[in-house]
Amino acid sequence: MRRRTIGRFWVCGLALTLLACGGDGTSPAAGEDTGDVPGADATSGEDSADAPLPNSITYLTPTQHLIRASTALRGSRPSLDELETVAADPATLEGIVRGYVDTEACGASIRDLENETLLVRSENFRMPGNGSLEGVQAQDVNTAMSETPLRTIEWVVRQGRPYTDILSVDVQVANEHAAQVWQGLEAYDPSGPEWQPLTFADGRPPAGILSDGAFWFRHRSAGINYHRGRANVVARSLLCFDYLAQDILLEEPIDLSDPDAVANAVVENAGCASCHQSLDPLASFLWINRQNWGAGSLNFPLGIYMPNNHDQWVEATGRAPGYFGLGGTTMTDLGQLIAADPRFSLCTARRYFSYFAQVPMAETTAQTVASYQQVLVDTGFDVREMSVAIVLSDAFRQSHSSDEAAAETLIGYKKTRPGQLERLFADLAGLDWQTYRANQFGGMIDLLTNDFYGFRVLGGGIDSLFVLKPVHTMNSTASLVVQEVAKAGASQVVSDDLALSDATQRRLLTELDTSDLANETNGRAQLAQLHLQLFGVQEAPDSEAVSLSWNLFSELYAHNGDAQRAWALTLTALFQDMRVAHH
Amino acid sequence: MDFSRRRFLEMSAAASAALLLSRTARSETAVHPTGRNLVIVWVNGGWDPTFVFDPKPGMATVDTPPGELQEFGNLPVWTSDMRPAVAGFFQVWGGMTSVVNGINVPSLAHPPCRLRVLTGFRDLGRPDVAAIAAHTLNPELPLPYLVLGDAGFVGPLGASVGRVGRSNQLKALLDVSEAYPPPAGQFNGVIQPNAAEAEFIRQYVLANAERERATRGARGYNQARVNDFVSALTRSDQLVTKKDIMKSGRKQLTFQEQIEVGVDALQHGLSRSVMLDGRTNWDTHVNNHVQGDYFNDLFIALDSLALELAARPGAGTGSTLLDETVVIALSEMGRTPLINGADGKDHWPVTSALLFGAGVAGQRVVGATDDFLLARKMNMGTGLPDAGGEALYPENLLAGLLELVGVDPSAQYPGITPLRGFHA
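Chains as they are written, first to last, in the numbering used here: chain A, 1 to 583; chain B, 1 to 424.
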């Protein structure tokens with residue numbers, strides 16, 4: 001091996017090696033979705049909330065709006081009662097929507113939303129349980145160990161605590177398996193709820209998700225990276241500030257294979273120092289977290305807290321912990337500094353608006369989200385209130401525009417995400433779309449929210465590793481996913497419901513008489529009800545739309561002579577409708 | 001992998017036979033009036049171009065792996081008996097192969113480099129070059145851009161991109177016999193419509209979509225979403241009819257299986273662009289010498305890909321699929337000139353690319369690096385180093401690649417000079 005310094009150089013950029021390898025090298029890329037590409041189909045545009053909304057815009061009806069809000073917040077559809085109530089009195093919509101944010105389903109949506117930023121649900125790491133988890137299946141281990149930061153955020157939100165607490169609480173929310181994966185937590189109570197807030201018991205400075213091993217396990221730091229990649233993850237995720245969103249242009253001689261040369265450059269070279277003067281101090285907070293895990297060290301439980309490393313920044317970069325010019329020492333300090341930074345509240349508002357409205361982050365300007373940020377701040381950082389403000393806004397309830405130019409940039413249809421489809425079919429049809437993979441990397445697989453075996457990415461979701469942006473339009477694989485889950489859901493709910501003679505006990509098909517399934521009056525009433533529940537449209541039983549559905553049932557029944565089968569297939573068609581695939 | 005001299009001779013003979021056969025064979029083929037197919041072979045983690053593409057023998061400034069300089073026409077390649085597939089590939093396919101050296105990737109982290117090399121941009125909302133090509137040339141195909149590995153960026157062109165999944169789970173959606181069974185004890189009575197019933201359902205769904213188009217979906221963004229929804233239904237049907245192209249599911253596809261599926265997809269009108277990914281992690285901060293083995297495996301795969309393409313009939317009369325397909329092998333970054341303290345090499349913001357196939361100049365090196373592996377400026381038209389020329393960035397390469405496959409790059413890369421040095 002030779003070691004020497006290269007005589008001259010051209011580039012420099014920051015953290016070179018540094019920002020470079022986040023261990024697995026899969027940290028999210030720079031920047032955000034900027035939407036449209038010249039010459040491509042129009043798929044995104046300026047958020048019309050940026051400017052006064054033009055008169056050409058048509059808004060959703062109250063029932064359609066309720067469906068969109070419910071889908072965004074919970075995934076599931078509103079109840080029939082809620083839809084009928086809003087149809088009769090649109091003023092009731094706000095109160096109903098407020099009720100959604102305290103539901104478990106909304107908690108699941110918040111976890112989905114937060115994962116699109118934190119990217120912890122990566123299934124790249126899969127191993128069967130060992131050590132403290134001997135005998136536990138890989139799927140259960142993988143899901144549990146990566147989910148804890150998302151669960152902690154959900155817990156903070158649903159407890160009604162300020163959102164800033166995600167950076168300060170002294171707990172990590174864990175289930176039975178996660179509690180065994182991560183060292184340093186108080187004992188899990190087997191008699192308690194599945195997911196429990198477990199206090200850190202190893203003396204680590206509390207900083208909410210920043211103290212969570214799962215966050216740092218996903219975003220690892222190679223030895224010479226000195227936690228800089230992690231610092232950028234913090235800045236990108238929580239401040240919407242991405243150090244990697246700029247070119248690295250070095251103009252001084254540097255040997256990137258020589259740590260000493262790099263260390264000198266990030267201080268002395270102006271091009272490097274412009275970023276490193278704030279990045280490196282940020283990274284210096286993080287030394288108490290284990291940097292990486294080699295293949296031989298993946299034995300459970302996993303430790304994250306390494307208190308003896310707290311001052312290793314002295315040897316590494318020589319830059320004391322600091323937050324954009326402000327002093328601090330511990331992870332607790334870091335959490336508090338971020339929480340107090342106005343960029344944190346603005347970034348939170350941007351992320352939530354972008355997720356709910358499916359507007360690319362890069363197009364959610366400060367002006368667009370300022371009102372939501374204000375709600376967040378005014379309510380003591382209650383993201384439930386901010387979420388309600390977003391889904392009740394005019395920007396969110398836009399349907400379409402009669403003006404060609406406005407229509408190009410108006411994002412009307414929101415594509416239903418795979419996780420939302422999962423909750424929708426669980427609620428409407430009682431469907432758990434799962435399979436069981438009996439191998440060492442398997443276990444029970446939720447087909448709509450799994451990437452390794454399931455269809456999350458094929459349905460337009462992210463895998464948190466390579467696919468980092470959801471796809472908000474249909475393609476042939478997403479279409480197949482919808483078609484298949486529609487069949488499964490329809491088959492199940494028809495089978496279940498029609499086994500119950502008491503219609504009031506049924507989940508969906510409450511208008512059908514099992515002794516006369518082909519009765520037209522009942523059938524049309526059932527279909528009108530389904531049109532309201534699925535599409536948010538009130539239709540008379542003899543309307544054109546319901547007649548179209550009734551004709552479908554009639555054709556199917558005439559074809560196969562089996563009314564129950566005909567209902568299952570009719571429902572399959574309704575579930576495949578564009579207004580289910582979008583909302 | 002073993003790649004002996006005997007294998008090389010077998011390969012050469014096979015290639016010749018395939019080339020000969022392919023010019024007479026005819027079977028079901030896609031009919032594409034314009035443009036060329038594009039195959040991206042993705043090398044994840046950052047390769048070390050000095051192992052093959054960018055020989056730096058005898059330089060004090062660059063730690064070079066053991067080997068020897070071998071000339072294939074005008075194409076100098078660093079070869080070694082330790083990685084015989086490299087020389088084997090260039091011996092057979094060098095006549096239609098160009099190497100591009102000195103591509104600046106102005107970052108040192110994997111994600112932004114990956115993004116920049118594949119899309120030409122820094123922001124995550126952009127499609128990669130294969131998505132652009134497929135979407136522009138044949139958006140009506142079932143899977144215009146087939147992603148068989150993990151990488152790939154779709155931007156706003158999601159309607160034109162399809163992934164098979166980490167375990168090739170697409171097959172479970174295409175073939176009822178491979179559908180995932182529910183767990184024991186759960187509902188297991190999914191009703192599969194027969195053909196007539198499926199048609200009733202389809203007509204109903206389409207009718208409602210048309211009602212949407214007439215109201216909310218009459219214009220702009222919404223109209224595009226209705227179009228995508230309707231188109232996806234049709235294209236998913238076509239995909240199902242071509243399900244045999246897909247390998248049996250429930251396991252990750254090997255590199256070789258990806259090649260077979262990808263070439264089948266091109267031949268049978270499933271796709272215009274394909275992304276392949278051997279899923280080897282080339283990020284050799286430790287033990288950089290393993291890149292020799294990685295390159296050997298890579299060139300075995302490239303040889304196999306070329307053979308497959310050459311053995312299939314193309315859409316044009318008398319042509320093979322290889323005559324109509326451009327292949328590019330890319331990695332997001334290079335490695336440092338010097339070995340680090342762990343016998344590895346770290347990230348380097350200059351990389352190389354290899355291209356072969358239709359319209360690619362043979363035995364040509366485009367661009368160059370200096371004695372420090374820094375990119376030299378060049379003439380984008382000729383590809384020759386030129387101190388008064390331009391610095392080569394991925395967007396130049398990608399714009400030139402789009403031109404080669406028949407897509408005007410000016411809309412995607414306005415103001416960018418296309419690199420044409422590798423055009424035949």
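Worth flagging that the hints you see were computed from the coordinates, not collected in a lab.
Using N, Cα and C, we set each Cβ at its ideal position, and we do this for glycine too.
Misleading hints may appear alongside valid ones.
Using C-beta positions, here's what the derived DEER-type ranges look like [unchecked claim]:
1) A/E134 / B/G95: 53 to 61 Å
2) B/A184 / A/S191: 25 to 33 Å
3) A/A540 / B/G415: 32 to 40 Å
4) B/P57 / A/S297: 37 to 45 Å
5) A/D394 / B/T254: 50 to 58 Å
6) A/P342 / B/K243: 49 to 57 Å
7) A/V267 / B/M59: 38 to 46 Å
8) B/N188 / A/A558: 24 to 32 Å
9) A/S191 / B/K243: 36 to 44 Å
10) A/F324 / B/K251: 42 to 50 Å
11) B/T254 / A/N299: 55 to 63 Å
12) B/E210 / A/T199: 55 to 63 Å
13) A/P342 / B/A184: 52 to 60 Å
14) A/A270 / B/K243: 21 to 29 Å
Short, incomplete list of chain B residues facing chain A, as computed with Cβ under 7 Å [to be verified]:
15) M59
16) P106
17) L108
18) E140
19) V176
20) Y180
21) G185
22) N188
23) V190
24) I191
25) A195
26) A214
27) N222
28) D277
29) V286
30) G406
Structure-based check of all given hints:
no.	hint	in the structure
1	A/E134 / B/G95: 53 to 61 Å	holds, 58 Å
2	B/A184 / A/S191: 25 to 33 Å	holds, 28 Å
3	A/A540 / B/G415: 32 to 40 Å	violated, 58 Å
4	B/P57 / A/S297: 37 to 45 Å	holds, 40 Å
5	A/D394 / B/T254: 50 to 58 Å	holds, 52 Å
6	A/P342 / B/K243: 49 to 57 Å	holds, 53 Å
7	A/V267 / B/M59: 38 to 46 Å	violated, 29 Å
8	B/N188 / A/A558: 24 to 32 Å	holds, 28 Å
9	A/S191 / B/K243: 36 to 44 Å	violated, 49 Å
10	A/F324 / B/K251: 42 to 50 Å	holds, 48 Å
11	B/T254 / A/N299: 55 to 63 Å	violated, 29 Å
12	B/E210 / A/T199: 55 to 63 Å	holds, 58 Å
13	A/P342 / B/A184: 52 to 60 Å	holds, 54 Å
14	A/A270 / B/K243: 21 to 29 Å	violated, 58 Å
15	M59	violated, 11 Å
16	P106	holds, 4 Å
17	L108	holds, 4 Å
18	E140	violated, 11 Å
19	V176	violated, 10 Å
20	Y180	holds, 4 Å
21	G185	violated, 10 Å
22	N188	violated, 10 Å
23	V190	holds, 5 Å
24	I191	holds, 5 Å
25	A195	violated, 11 Å
26	A214	violated, 11 Å
27	N222	holds, 4 Å
28	D277	violated, 9 Å
29	V286	violated, 10 Å
30	G406	violated, 14 Å
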